[in-house]
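Each chain, written out:
Number of protein chains: 2
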Amino acid sequence: MIAEILSTGDEIRSGSLTDTNSAWLSQKLEEAGVDVTRHNCVGDDVPMLVAVMKEIGGRANLCLVTGGLGPTVDDLSAEAAARAACVGLIQNDTALRSIEAFFASRNLTMPDSNRKQAVLPESAQVLPNPVGTAPGFSLIIGECRFFFMPGVPYEMRQMMADAVMPLIHEIQGEDRPIHRIKTLSTFGLTESMAGQQVADVTSAFPGLKLGLRAKFPEIQIKFYASGKDEAALDRLLDEATRWVQGRLGDKVFSTTGASMAAVVGDLLREKGATLALAESCTGGLIASLMTDVSGSSDYFLFSGITYSDAAKTGVLGVSPRTLEAHGAVSEETVREMASGARRVAGATYGLATSGIAGPSGGTDEKPVGTVCIGLATPEKVTAYRFRYHFPRRAMNKSIFAMKALDILRRAIPG
Amino acid sequence: MIAEILSTGDEIRSGSLTDTNSAWLSQKLEEAGVDVTRHNCVGDDVPMLVAVMKEIGGRANLCLVTGGLGPTVDDLSAEAAARAACVGLIQNDTALRSIEAFFASRNLTMPDSNRKQAVLPESAQVLPNPVGTAPGFSLIIGECRFFFMPGVPYEMRQMMADAVMPLIHEIQGEDRPIHRIKTLSTFGLTESMAGQQVADVTSAFPGLKLGLRAKFPEIQIKFYASGKDEAALDRLLDEATRWVQGRLGDKVFSTTGASMAAVVGDLLREKGATLALAESCTGGLIASLMTDVSGSSDYFLFSGITYSDAAKTGVLGVSPRTLEAHGAVSEETVREMASGARRVAGATYGLATSGIAGPSGGTDEKPVGTVCIGLATPEKVTAYRFRYHFPRRAMNKSIFAMKALDILRRAIPG
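If you read the sequences in order, they're chains A and B. Just so you know, UniProt numbering puts 143 at position 143 of the first sequence, and the rest follows in order with no gaps. Just so you know, UniProt numbering puts 223 at position 223 of the second sequence, and the rest follows in order with no gaps.
Hints are not guaranteed to be accurate.
Because identical chains share one entry, a pair is satisfied inside a single copy or across any pair of copies.
Listed next, the in silico DMTMM-like pairs over lysine to aspartate or glutamate satisfying Cα-Cα at most 20 Å (straight line) [said to hold, decoys possible]:
1. Lys209 <-> Asp75
2. Lys209 <-> Glu170
3. Lys222 <-> Asp75
4. Lys228 <-> Asp238
5. Lys116 <-> Glu170
6. Lys215 <-> Asp74
7. Lys215 <-> Asp75
No lab work stands behind these hints, which were simulated from the structure alone.
Starting from the given sequences, assemble the full structure and let the hints guide the process.
So, in C-alpha cells, the structure goes:
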C-alpha cells in the first residue's frame with residue numbers, strides 16, 4: 001500500500017506555521033507497515049486543492065489530508081474533495097448531529113457558521129470528532145482512499161487513533177507486515193564518519209535499511225526492518241546493533257533513543273551515585289538537560305552556575321590565586337570547580353565546565369570554542385581542554401555540555 | 001514569480017524528523033515578495049526525486065530544495081538533479097576546493113567520502129557553504145531555477161542568506177516590492193485570546209496582514225506589509241504596533257523579536273543591575289536562557305540549581321525549619337532561596353523557583369503544575385504561587401521559567 005500526506009492551509013504554505021502533522025502521520029503509517037512516499041502541502045485555494053487531490057488519486061492508494069474543515073470561508077477541503085471526486089455537496093445529517101451534540105455537551109448554542117461543517121461530498125463517510133466541532137470524512141478519489149482530518153494536532157491525533165487507523169487496518173487485512181525501527185545514538189563522530197564506518201551494515205544484514213540523522217550534537221544511526229516474523233525482526237535488529245557497537249565501541253551511548261542525560265542518569269541511579277555540577281560557559285544547560293529527565297531528583301543534587309569569578313570563589317571555593325594565575329578558563333580552575341561542587345553538595349561526582357561560547361570573549365591563547373572540563377570522582381580529579389569550531393553560541397554551549405556528560409558517562413565504572 | 005519548496009530525505013518522508021526548513025524558507029520567500037504555492041517532500045530515491053523535480057520544473061519559476069548533499073550513499077540530490085536536467089555529473093573543482101578548504105581550516109584531513117560532495121551536475125553553479133562540508137548548487141530544470149541547499153538548518157540558513165537570496169533579488173530586478181514584517185512578542189495570553197483582542201487591527205490599518213504564531217510559551221503577533229514606499233511601510237507598522245500595545249499593555253514584552261531573557265538582560269544592563277538565580281523545578285533552564293544571550297556576563301552572576309534540600313540549606317542558607325514547616329514548594333522557601341541567591345552572589349536581584357514539573361511528584365495540595373516564585377530586590381522580598389495545566393514536564397519547566405522572568409521584568413523600574 002502506497003500512501004501520501006497532504007497538509008492544507010495558507011498558514012502552512014506561507015510558513016507562518018510549521019507543519020508537525022505530516023511527520024506525525026508518516027510515523028504512524030510507517031509503524032503500521034504503510035509506505036509513505038510523498039508529502040504535499042498547498043494553501044486554501046480550490047483549483048490548487050482539486051489538482052493535487054487528483055494527482056494523488058492517480059499515484060497512491062491512501063492519502064491522509066489535514067486542515068480545511070473549519071467553519072470559515074477559507075476552509076475549503078469538502079468543496080475541493082467533491083470536485084476532485086466529481087460528486088456534489090450535500091448536508092450530511094450524521095455530521096450535523098455530531099456538531100450539534102458537541103455544542104450541546106458543552107451547554108453552548110451552535111453558531112450558524114458551524115452548519116457549513118456538515119456540508120460534505122455526497123459519497124463521504126463521516127469520521128467522528130469527539131474533541132472538536134469539525135467532523136472528518138473519507139471518500140475515494142481516482143484509485144485512492146482519502147481521509148480528511150482537522151488541522152488542529154490534538155483533534156487530528158484523536159481522530160487518527162479512533163477512526164482512521166482501524167479503517168486502515170481493515171484495508172490491510174490479516175496479512176499486514178510488521179515494521180521495526182531501531183535507533184543507535186552516537187557522540188564523537190561526524191555524520192560522514194559515522195556513515196563511512198557503518199555503510200556496509202546493509203551488506204552484512206540484507207533486509208535492513210540504514211538511515212543517519214544528525215541531531216546536533218549527536219548522530220543517530222537508524223535501522224528499519226519489516227517482515228512477517230516478529231522474533232526474526234527483533235533478532236536481526238539486535239545482531240545489527242551488536243555489529244555497529246563492535247565497530248563504534250562506546251561512541252554508541254544509547255540503543256533505545258534515550259538522551260545522553262537520561263543515559264548518565266540511569267548509570268548514576270544504578271550505582272546509587274549522585275551528581276553535582278559547576279557550570280560556567282554552559283550556563284545551566286547541563287543542569288537543564290539532566291533535570292529534563294523525570295525522576296532526576298534521585299541522583300541530581302546541585303549545580304552552581306558561577307558566571308562571575310566572585311561566585312566561583314564564594315560558592316565553590318575556587319582559590320582567587322588559581323583564577324589569577326591561570327584564568328577562569330583553565331584546567332586548574334575547572335579542577336577546583338568540580339571538587340568544590342562535589343564537596344558543597346556532598347555528591348559522588350563533581351563535573352565542571354569553563355570555556356568561551358562566543359561570539360565575543362575569545363583570545364589568541366583561548367579562542368572562542370575553547371572549553372575546559374573538570375571531573376571530580378571519589379578517587380581523583382581530572383581536567384581536559386578541547387577546542388570546537390562551531391559558528392554559533394548555542395551550538396558551542398550544546399557541544400560543551402554533551403562532551404562533559406560524555407566524560408562523566410565514561411568515568412562511571414560499568 | 002511562483003515558487004515551490006522541495007524537502008528531501010527518508011527521515012523527513014518517514015516522519016522520524018519534522019521538517020522545519022520548508023516553513024522557514026517559505027517565510028523568507030514570502031517576505032521577499034515571492035509567492036510560495038506548494039511544498040513537496042520525497043525520500044532518498046532517485047526515480048522519485050527525478051519525477052518530482054521534473055513536475056516542479058513544469059509548474060514553478062523557482063524551487064528551493066533541501067537535503068541530500070551529504071557524503072553518504074543516501075545523499076542523492078546531485079544525481080537526481082543531473083538526470084532531471086538531462087545533463088551529466090562531473091567533478092566540480094570550485095566545489096572540491098571549498099570542501100578541502102573547510103577541512104584545512106580545521107586542521108583535519110578530508111575523508112575520501114567527502115570527495116563525492118564535489119560531483120555535481122555539469123550545468124550547476126556552486127553555492128558556497130562557509131559552515132559545513134556540503135556545497136550547494138543551482139541549475140535550471142524545465143522552466144524553473146532550482147537551488148539545492150543542505151538539510152542541516154543552520155547550514156541551509158547561512159547559504160540562503162549569503163548566496164541564494166541575493167540571486168533571487170537579482171532575478172526579481174529593480175521593481176521588486178518591499179516587504180516588512182513586525183513581530184510583537186506577548187506573554188500571558190492564549191493564542192485565541194490574543195487573536196480575539198487584535199482581530200480588528202486589519203480594519204484599523206488596511207493593507208496590513210495579521211498572523212499569530214504560538215511559540216510556546218509566548219504568542220507572537222506578526223504584521224506583514226508590502227509596497228513601494230519604505231517610509232510609509234515603517235510608519236504603518238509603527239502605528240499598528242502602538243495600537244496593539246494600547247490593547248494588550250505590558251503583555252507585549254518585545255517589538256523586535258527579542259527573547260524574554262534578552263529583554264530582561266537589556267533592562268538589567270540599562271540599570272547597571274545584576275541577577276542571581278536559585279532554581280529548583282526549572283533546573284537550570286532560566287540560567288541557560290539568560291546565558292544564551294551573548295554578553296550576559298555583564299549582568300548575570302550566578303544560579304544555584306538546588307535540587308536537593310541539602311543544597312538549598314547549604315548553598316543558599318534556606319532554613320531547615322522553613323523547609324520542614326512549609327515544604328520545598330512554598331512561598332516561604334522561595335523567599336529564602338531568592339534572598340540567599342542575591343546575598344551569596346552580591347546581586348541586585350535574586351529570583352527563585354520551586355515547583356512540581358511532573359509527571360510524578362504531585363500531591364492533592366501541591367499538584368503537578370504548581371510553582372512558587374520568589375523575588376528579592378534591594379527593597380523587599382515577594383513570593384507568588386501559580387498553577388498551570390500543561391501535559392508535559394518540558395512545557396511546565398518552560399512556562400515556570402518564563403513566568404519567573406516576566407515577574408522580574410515587571411519589577412525592574414522603567
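Hint by hint, here is what the structure shows:
Taking identical chains as interchangeable, the C-alpha atoms of Lys209 and Asp75 lie at most 20 Å apart only when they sit on different chains, with a minimum of 14 Å there against 39 Å within one chain. In the homo-oligomer, the alpha carbons of Lys209 and Glu170 never lie at most 20 Å apart, since the shortest distance is 26 Å inside one protomer and 43 Å across protomers. With identical chains, the CA atoms of Lys222 and Asp75 are at most 20 Å apart between copies only, with a shortest distance of 15 Å across copies and 37 Å within one. Within a single copy, Lys228 and Asp238 get their C-alpha atoms as close as 17 Å, which meets the 20 Å cut-off; across copies the closest is 62 Å, which misses it.
For the identical chains of this complex, Lys116 and Glu170 are neighbours neither inside a copy (30 Å) nor across copies (45 Å), given an alpha-carbon limit of 20 Å. Within a single copy, Lys215 and Asp74 get their C-alpha atoms only as close as 33 Å, which misses the 20 Å cut-off; across copies the closest is 17 Å, which meets it. Within a single copy, Lys215 and Asp75 get their C-alpha atoms only as close as 32 Å, which misses the 20 Å cut-off; across copies the closest is 17 Å, which meets it.
In the structure shown, a violation is registered for the earlier hints numbered 2, 5, in ascending order.
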